Amino acid sequence: MDARTQEFVEEVQGGGHVETSDWMPEEYRAKLIKFIEMHGNSELMGVLPEREWILRAPTLQRKLALTAKVQDEVGHAQLIYRVVEDLGKPRAQSLQDLVDGKAKFHNVFHYPTKTWGDVGVIAWLVDAAAIISQKALLKCSYAPYARIMKKICWEESFHILHGRDVILTMMNGTDEQRELVQEALTRWWGPLMTFHGTAIPADEDPMVFWRIKSQGNEEARQQFLDGYVPQIWELGLTVPDPKLRKRDDGVWEYSEPDWDELKRVVTGNGPKTAERLDLRRRFLEQEAWVRDVVLADAA
Amino acid sequence: MVFEVFRQERKGQPFQHAGALAAPNAEFAEAWAREQYGRRQESEALWVVPRDEIRAVHDFPDELHKTYHRVDGYSLKAKLKEARQRAESAGALSARADLP
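Going down the list, the protein sequences come from chains A and B. Here the first sequence stands for residues 2 to 300, numbered as in my numbering. Here the second sequence stands for residues 125 to 224, numbered as in my numbering.
Isolated chain A, as found in the complex (with noise of 0.2 Å):
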């Protein structure tokens, strides 16, 4: 490593923060850049599953939050690419590769939404994972993405809100509303397990090295448990899992989660991979016209 790229490391493992016109070494800007247009490309995808359900909404006023929670991701997205594209890597690529199947995208939009019960458990736990990543994010030594990150876990402490709501109704419903979330969670519970990731140690971890996260994947995930298991057993609900329990030192205990379905899921073969991708593409084909008008009136 040259003394620059050694005084680089220095700075933002000391805290320091990086802005778009900082120099940067190539491998930061490469990982940066990596783990930035997957988080752009899972809030993108991540819309996909609750659209689904825009118009099997219960009631109208859930079809109209739903709508406003598929608004506010898409939202999140734009913000989120314009970092990417500022890094270098412009935003028609990062879609481009995204439907090519080249890039990645969170291993929880590759699954089927089967019942209203699975758009609760979405909203409210899934969003629950995601927003303990995106809080520890907000140290990000990249500064302009950590800036951003502020107003993505503005608008998801209400997504989860909304999420705890749907179940809430749920479960003082008749019993086969009940029956509904326990199956969904039952569903989803193994993918909320690997969220996360692999319990790879922070000091390992290259993302860690270059304060792009500050949080360790297993450290995430007993944050989640510690948050949110007590709030699913108070519901009466059951998670799928003989082997969860609390020390006594406080750590949760569960059963080792399918790594090899994580991995074959994000590698583009997860149940609904290839048709969500194909509605993407789909709409980027279908759309090019929009924006070929648009920019050329504007030229």
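Calculated directly from the structure, the hints in this document are not laboratory data. Don't take each hint at face value.
For lysine-lysine, the following BS3-like pairs were computed, each having C-alpha atoms within a straight-line distance of at most 30 Å [as the list claims (entries may be wrong)]: (1) A/140 / B/135; (2) B/135 / A/151; (3) B/135 / A/136; (4) A/140 / A/35; (5) A/273 / A/35; (6) B/203 / A/152; (7) A/151 / A/32.
Keep in mind it's a predicted model, so treat the numbers as computed, not measured.
Given the coordinates of chain A, assemble chain B onto it according to the supplied hints.
Quick look at chain B alone, frame taken from chain A:
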């Protein structure tokens, strides 16, 4: 084109940088900015500025270490202590001088 957006949260507060957006022209930039930063009434006002119009200025060398035009150039603690001690002992002296 890239536009930078500055947001005023409440009347009377400073405008703070909120983020950037890409738009083909100012009209679209305003529309996107309204969607991103104003649709929940979270802003009092926005400034939407083409990035190219911003002159960024960095690096403010202080080769002469001019601390005299900043508050940290005036460390009064030690001097004040000395002055107080001086006044105290002078007062004691003059008090003695008042003795008949």
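Here's how the hints hold up against the structure:
Between residue 140 of chain A and residue 135 of chain B, the direct Cα distance comes to roughly 29 Å. Compliance with the 30 Å bound is thereby established for this hinted pair. Note on residue 135 of chain B and residue 151 of chain A: the hinted pairing holds, with a Cα-Cα distance of about 21 Å set against a maximum of 30 Å. Under the criterion of a C-alpha separation no larger than 30 Å, the hint pairing residue 135 of chain B with residue 136 of chain A is consistent with the structure, at around 28 Å. A C-alpha spacing of about 18 Å is found between residue 140 of chain A and residue 35 of chain A, which places the hinted pair at or below 30 Å, so the restraint holds.
Note on residue 273 of chain A and residue 35 of chain A: the hinted pairing holds, with a Cα-Cα distance of about 23 Å set against a maximum of 30 Å. Under the criterion of a C-alpha separation no larger than 30 Å, the hint pairing residue 203 of chain B with residue 152 of chain A is inconsistent with the structure, at around 48 Å. Taking the CA atoms of residue 151 of chain A and residue 32 of chain A, the gap is about 21 Å. The hint holds against a cut of 30 Å.
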